[in-house]
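Visitor: For reference, the chains in residue letters:
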Amino acid sequence: GQQVMQIPQYQHVQEGEDFTTYCNSSTTLSNIQWYKQRPGGHPVFLIQLVKSGEVKKQKRLTFQFGEAKKNSSLHITATQTTDVGTYFCAGGGYSSASKIIFGSGTRLSIRP
Amino acid sequence: GAGVSQSPRYKVAKRGQDVALRCDPISGHVSLFWYQQALGQGPEFLTYFQNEAQLDKSGLPSDRFFAERPEGSVSTLKIQRTQQEDSAVYLCASSVKDRFVEGEQFFGPGTRLTVL
Numbered sequence: 001g002q003q004v005m006q007i008p009q010y011q012h013v014q015e016g017e018d019f020t021t022y023c024n025s026s027t028t029l030s031n032i033q034w035y036k037q038r039p040g041g042h043p044v045f046l047i048q049l050v051k052s053g054e055v056k057k058q059k060r061l062t063f064q065f066g067e068a069k070k071n072s073s074l075h076i077t078a079t080q081t082t083d084v085g086t087y088f089c090a091g092g093g094y095s096s097a098s099k100i101i102f103g104s105g106t107r108l109s110i111r112p
Numbered sequence: 113g114a115g116v117s118q119s120p121r122y123k124v125a126k127r128g129q130d131v132a133l134r135c136d137p138i139s140g141h142v143s144l145f146w147y148q149q150a151l152g153q154g155p156e157f158l159t160y161f162q163n164e165a166q167l168d169k170s171g172l173p174s175d176r177f178f179a180e181r182p183e184g185s186v187s188t189l190k191i192q193r194t195q196q197e198d199s200a201v202y203l204c205a206s207s208v209k210d211r212f213v214e215g216e217q218f219f220g221p222g223t224r225l226t227v228l
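Respectively, the protein sequence lines represent chains A and B.
Numbers 1 to 112, taken from my numbering, label the letters of the first sequence in order.
Numbers 113 to 228, taken from my numbering, label the letters of the second sequence in order.
A hint or two may mislead.
Using 25 angstroms as the maximum straight-line C-alpha spacing, the simulated DSS-like pairs for lysine-lysine come out as follows [unchecked claim]:
(1) LYS70/A with LYS209/B
(2) LYS51/A with LYS70/A
(3) LYS123/B with LYS169/B
(4) LYS209/B with LYS57/A
(5) LYS209/B with LYS51/A
(6) LYS126/B with LYS190/B
(7) LYS36/A with LYS51/A
(8) LYS70/A with LYS36/A
(9) LYS209/B with LYS56/A
(10) LYS36/A with LYS56/A
(11) LYS56/A with LYS70/A
(12) LYS70/A with LYS57/A
(13) LYS36/A with LYS57/A
(14) LYS36/A with LYS59/A
(15) LYS36/A with LYS209/B
Keep in mind the hints are simulated off the structure, nothing from the lab.
If we strip away everything but chain A, and leave its shape as in the complex, we get:
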């Protein structure tokens, strides 16, 4: 069945450093979504990518969808303490039976 893997599991960076998390699917995806979950909070939608090779930016965040639509990445430039949390990718398949499958997340912590 469809699986979505996410690496790394944890990332601890100095404030101001960059951060990247990677998401890989075992099957071709129709779309990929990214969510952020603050400690003790619930997932909050960041963005959805649909097109092969798509790149979207939100301020310091850059999201990419691979050409084969099987992988994605989230890159944060010059991290700030407000970026702390767990970042999840969630992939959707093409078949009518497909569902959104969440990765296990990358927990970002930041040294001030």
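Dock chain B against chain A, hints included.
Guide: For chain B alone, coordinates are given in the frame of chain A:
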């Protein structure tokens, strides 16, 4: 401007008890999802409703789990004869889209279930 609400926020149950978890989605949202989130893991899909129709319940871990959305708005997830492995945060999400895999999902705060 209410978001998705869930109640109770916390539930402690003795093993073998039945529990009912409630979700109030955003008004007018067609799609409603239930997820189970274990500590340190991503949300794991349980079931999906489009209006009142339960279109996918393939993620429900056993027949002790039952979900309903009788009028296409409020949904209830019921767990019968709770077991310790049911301890988790149960998240509800809704979406304005009627396609299962498209569209932003708005999550509620979750219900943290602890089974003793």
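Visitor: Hint by hint, note whether the structure agrees.
Guide: We went through each hint and held it up to the structure:
1. LYS70/A with LYS209/B: holds, 23 angstroms
2. LYS51/A with LYS70/A: holds, 11 angstroms
3. LYS123/B with LYS169/B: With a Cα-Cα distance of about 23 angstroms, the restraint between LYS123/B and LYS169/B holds, given a limit of 25 angstroms.
4. LYS209/B with LYS57/A: Holds. LYS209/B to LYS57/A sits at ~23 angstroms (cutoff 25 angstroms).
5. LYS209/B with LYS51/A: At roughly 18 angstroms apart (the allowed maximum being 25 angstroms), LYS51/A and LYS209/B satisfy the hint.
6. LYS126/B with LYS190/B: Judged against 25 angstroms, a Cα distance of about 15 angstroms means the pair holds.
7. LYS36/A with LYS51/A: At roughly 21 angstroms apart (the allowed maximum being 25 angstroms), LYS51/A and LYS36/A satisfy the hint.
8. LYS70/A with LYS36/A: holds, 20 angstroms
9. LYS209/B with LYS56/A: Within the cut-off at roughly 21 angstroms; holds.
10. LYS36/A with LYS56/A: holds, 16 angstroms
11. LYS56/A with LYS70/A: holds, 17 angstroms
12. LYS70/A with LYS57/A: Holds - the C-alpha atoms of LYS57/A and LYS70/A are around 20 angstroms apart, at most 25 angstroms.
13. LYS36/A with LYS57/A: Holds - the C-alpha atoms of LYS57/A and LYS36/A are around 15 angstroms apart, at most 25 angstroms.
14. LYS36/A with LYS59/A: holds, 15 angstroms
15. LYS36/A with LYS209/B: It holds: about 20 angstroms lies between the C-alpha atoms, which stays within 25 angstroms.
Consistency note: the structure conflicts with none of the earlier hints.
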